[in-house]
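Chemist: Letter by letter, the chains look like this.
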Amino acid sequence: AQKVTQAQTEISVVEKEDVTLDCVYETRDTTYYLFWYKQPPSGELVFLIRRNSFDEQNEISGRYSWNFQKSTSSFNFTITASQVVDSAVYFCALSEESMGGANSKLTFGKGITLSVRP
Amino acid sequence: EAGVAQSPRYKIIEKRQSVAFWCNPISGHATLYWYQQILGQGPKLLIQFQNNGVVDDSQLPKDRFSAERLKGVDSTLKIQPAKLEDSAVYLCASSSLQDRAYEQYFGPGTRLTVT
Chain A
1 AQKVTQAQTE ISVVEKEDVT LDCVYETRDT TYYLFWYKQP PSGELVFLIR RNSFDEQNEI
61 SGRYSWNFQK STSSFNFTIT ASQVVDSAVY FCALSEESMG GANSKLTFGK GITLSVRP
Chain B
1001 EAGVAQSPRY KIIEKRQSVA FWCNPISGHA TLYWYQQILG QGPKLLIQFQ NNGVVDDSQL
1061 PKDRFSAERL KGVDSTLKIQ PAKLEDSAVY LCASSSLQDR AYEQYFGPGT RLTVT
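Protein chains in written order, with the working numbering: chain A, 1 to 118; chain B, 1001 to 1115.
Excised from the complex, chain A in its bound form (with noise of 0.2 angstroms):
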């Protein structure tokens, strides 16, 4: 069974800060995807990134960046120079490749509420 822990529940940083969020995974599968979802207030599911699990290149997106080790199955999300605006719930989800085709389900972690204060 596939599972996504998210340890930290809250973390408060000011503006400016540079700030990690973790993501451990569990899967048996040798072929998986991991993503990072963005939940705002307003409730709605943003996509932030999705790796493969053949894909170790660590990557950076302006002020995001994320750091993908199959060998401690992490996959961390660190936002540097963090903004009022990155206030929001984190999601790291997983999806594995399963039988017959049919896209598979994510499993969500239980997510990380970012504040960042002025």
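What the hints contain is simulated information worked out from the structure, not anything from laboratory work. All C-beta atoms in this analysis are idealised placements derived from N, C-alpha and C, irrespective of residue type, glycine included. Just to be clear, a hint being listed does not mean it is correct.
Just the calculated beta-carbon pair ranges, DEER-fashion [as the list claims (entries may be wrong)]: (1) B:ARG1016 / A:ALA1: 32 to 38 angstroms; (2) B:ARG1009 / A:ILE11: 25 to 31 angstroms; (3) A:GLU26 / B:GLN1098: 25 to 31 angstroms.
Chain A is fixed; fit chain B onto it per the hints.
Modeler: Same frame as chain A, but now just chain B:
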């Protein structure tokens, strides 16, 4: 491209009443998902359709929840009778079979309060 549409956005009912939610996925997306998100938790899959067939409904409380996707496009999720613990946000998502990375696009959700 229009996103995933859901209605209503908010619903308040009393326990033991029934309620229905509607979802219109992105045009051409064969796979449709219903997730339940209880306050303070991550979304949990209730049911997954591919076209008009059910792929996974292992976590759907079938004694009270039902869902259908007639003609493989729109979908309706129903709860009858509702319980207090059904208070949650119900999210609909869709994805394309052509996208092997299984990227799912989410709608705005329906916030259900059962009193």
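Chemist: Decide, hint by hint, whether the structure agrees.
Modeler: Hints and how they fare:
Restraint check, B:ARG1016 to A:ALA1: a C-beta distance of roughly 34 angstroms satisfies the suggested window 32 to 38 angstroms. Between B:ARG1009 and A:ILE11 the C-beta distance comes to about 29 angstroms, which sits within the given range of 25 to 31 angstroms. Look at A:GLU26 against B:GLN1098: about 29 angstroms separates their beta carbons, and that is inside 25 to 31 angstroms.
No hint from the list above goes unmet by this structure.
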